[in-house]
Amino acid sequence: MTVERMSGSEAVIEATGLVKRYGQVEAVRGIDLEVSHGEIFGFLGPNGAGKSTTISILCTLLTPTAGTARVAGIDVMQDPARVRQRIGLVFQDPSLDDVLTGRENLEFHAFIYSVPAGERARRIDEMLALLQLTERAGSQVKTYSGGMKRRLEIARGMLHQPEILFLDEPTLGLDPQTRQSIWIHLKELRATKGITIFMTTHYMDEAEYCDRIAIIDRGKIVALGTPDELKARVGGDVVTITSSRADEAAVEIKELLGVVPVRDNGSLRMEVPDAKVFVPRLVRELKAPVDTVTLRRPSLDDVFLKLTGHAIRDEEAGTKDQMRAMASRWMGRRR
Amino acid sequence: MSVKAATSGAGSATRAVEPIDTRVASLRAIYIIWYRDILRYWRDRWRLVASLAQPLLFLVVFGSGLSSALGRGALFGAGGFTYIQFMYPGIIGMAILFTAIFGAMSIVWDREFGFLKEVLVAPIDRSAVAIGKALGGTTQAMIQGLILLVLAPFVGVKINLLTIVELLPLAAVLAFGLSCFGVALASTMKSLQGFQVVMNFLMMPMFFLSGALFPLTNLPGWMTVLTRLDPASYGIDPLRRVALSESAPSALVERFALTINNHVLPIPLEAGVMLAFGALMLGIAVMMFQRRD
Chain R
218 MTVERMSGSE AVIEATGLVK RYGQVEAVRG IDLEVSHGEI FGFLGPNGAG
268 KSTTISILCT LLTPTAGTAR VAGIDVMQDP ARVRQRIGLV FQDPSLDDVL
318 TGRENLEFHA FIYSVPAGER ARRIDEMLAL LQLTERAGSQ VKTYSGGMKR
368 RLEIARGMLH QPEILFLDEP TLGLDPQTRQ SIWIHLKELR ATKGITIFMT
418 THYMDEAEYC DRIAIIDRGK IVALGTPDEL KARVGGDVVT ITSSRADEAA
468 VEIKELLGVV PVRDNGSLRM EVPDAKVFVP RLVRELKAPV DTVTLRRPSL
518 DDVFLKLTGH AIRDEEAGTK DQMRAMASRW MGRRR
Chain E
8 MSVKAATSGA GSATRAVEPI DTRVASLRAI YIIWYRDILR YWRDRWRLVA
58 SLAQPLLFLV VFGSGLSSAL GRGALFGAGG FTYIQFMYPG IIGMAILFTA
108 IFGAMSIVWD REFGFLKEVL VAPIDRSAVA IGKALGGTTQ AMIQGLILLV
158 LAPFVGVKIN LLTIVELLPL AAVLAFGLSC FGVALASTMK SLQGFQVVMN
208 FLMMPMFFLS GALFPLTNLP GWMTVLTRLD PASYGIDPLR RVALSESAPS
258 ALVERFALTI NNHVLPIPLE AGVMLAFGAL MLGIAVMMFQ RRD
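For the record, the sequence lines run as chains R and E.
For the first sequence, this note's numbering begins at 218 and goes up steadily by one.
For the second sequence, this note's numbering begins at 8 and goes up steadily by one.
For the record, the hints were derived by calculation from the structure and aren't laboratory data.
If you're wondering where the values come from, they're calculated on a predicted model, not measured in any experiment.
Be aware that a few hints might be false.
Unchecked claim - Far from chain R by the CB rule (all over 12 Å, computed), these chain E residues:
hint: 1; residue: Leu209
hint: 2; residue: Glu253
hint: 3; residue: Ala258
Stated by the list, open to error - Covered by chain R, per the in silico footprint, the following chain E stretches (three or more residues, Cβ under 8 Å):
hint: 4; segment: 43-56
hint: 5; segment: 119-133
Note that beta-carbon positions come from the ideal geometry of N, C-alpha and C, so glycine has one too.
Sequences are here, hints too, so could you generate the full structure?
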């Protein structure tokens, strides 16, 4: 019986053929996916790949140009209000009132989501404790750090006991340590509240926390599976070399060793079945100088590179995010 | 792991989402949206002080200056009635006008800083957002206007308890009408950029044409038309007539009253015009908010 329930019948998110067009631009070009109850599902892709558009459709914030989606068993087009009652949302951009205290922000949410009067205080206390905000609950949100604000938004999203928590880039602009703590909190929420988590990210390392990942590029899902399954697609090990004569080296590798390397920022990356055998051969047979050799197990970055032919430009996104975080801090202070 | 999933699954199946009475939910939402505005208003005390500075400046500098200049004119000076007394209720009206529109237009700030999203995605009727904001603006404007009553003795206007009781609903009607106007404006604005335009091309003319600073009698024809089209005129005139009722003979007060075709408008009619204007604006705002992007 348990097995039956696990397989298929418990899909809490189902999307078929989702398309979103803005004039000539197709932001989402036919997305199908299914998320089971209790899963942490990651939506991974570079900026502008269509992640936010897809999550907005699932959250009933955007209407799709074509396709259907059911969330918590309800059609998002037919009954958006009922869908919203059953999902929690953490937006990409900050959405707190920073003149109010943390507790007041939660109280506001409890009111507009019709949390029963007798339960308000209890649930707010519980969520504050769960996300370790109890001590600062009485301070104005403008005094919070970026990580605290995010935690408060997660607490808020959980307050009306949703079945699914949607998070759009929840760790954007946060430092690695804070990002990790957000993940610990999300895992804990899943364990204690049994909710399903659907989130988008463009940080590859974060996708590893997910049970399943969909990799999206240019509006389409290019791969879907567990992190291990996706990594298995790369197969073997990843060897990266740098060379002062990279072009020459690339040709030689192809001709002498029968492996096609991928150029990435001046380095050459290749997948080989067994690095222990491959690296000595490489060093022995290559005429072009090899400056450095690194070898490692495949990461999701490699998967993305293999599937899409281009890397997720983390550095680029990084500076953009920083500027954005700076801008919002500055604007926030001016309020 | 499968056991855990199964139990939590069963839990969610039995936890039927209780049907929510949408009318009660809307009332709750209106209340909390209103309450948040009041909370922010009290917390931001500098804004409170700053917004009193302008009416004070008008009264003290503008009022005193013009009082001296107009002292021996045809309208003012008769029976010891000064311009500053005339102007005082208009300044209360001014405080209400600006606070109401600005207060309601804080929606644009909420949009800019993201908070509006939290409100708009909530499973509530969006008319609650418009109504809550309109009531928030109304309350702030009333407080702001009524605080100025403490200045009455200093400008030689006699106010007793009965006047205050009469002024309250009139101030509320003016504040409500203009707050609804502010919400309607805000519902059409997607960013803060249009704000300066609204300020210069709507609020300032509205204020100048409202009769706050000069009587709306014996004006050039085009201006008579514009002043009668200005909804604020219908809110400020009754304030003046009631506020000055103890300080000047009623015949004198009537001379400044708002007229159409030389007929002095009854106060209930003026209040009715203001309320109707507010209702119309609120209707537009609700329509604008209910559109889904």
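Right, here's what the structure says about each hint:
Even its closest Cβ contact with chain R, about 24 Å, leaves Leu209/E beyond 12 Å, as expected for a residue assigned away from the interface. With 12 Å as the threshold on Cβ separation, the claim that Glu253/E sits away from chain R holds: the shortest Cβ distance comes to roughly 40 Å. Non-interface call for Ala258/E relative to chain R: holds, since the shortest CB-CB distance, roughly 50 Å, exceeds 12 Å. Here's how the segment 43-56 of chain E fares: 5 of its residues keep a CB closer than 8 Å to some CB of chain R, so the rule of at least three is met and the hint holds.
Residues of the segment 119-133 of chain E with a Cβ under 8 Å from some Cβ of chain R number 11, which satisfies the need for three, so the listed coverage holds.
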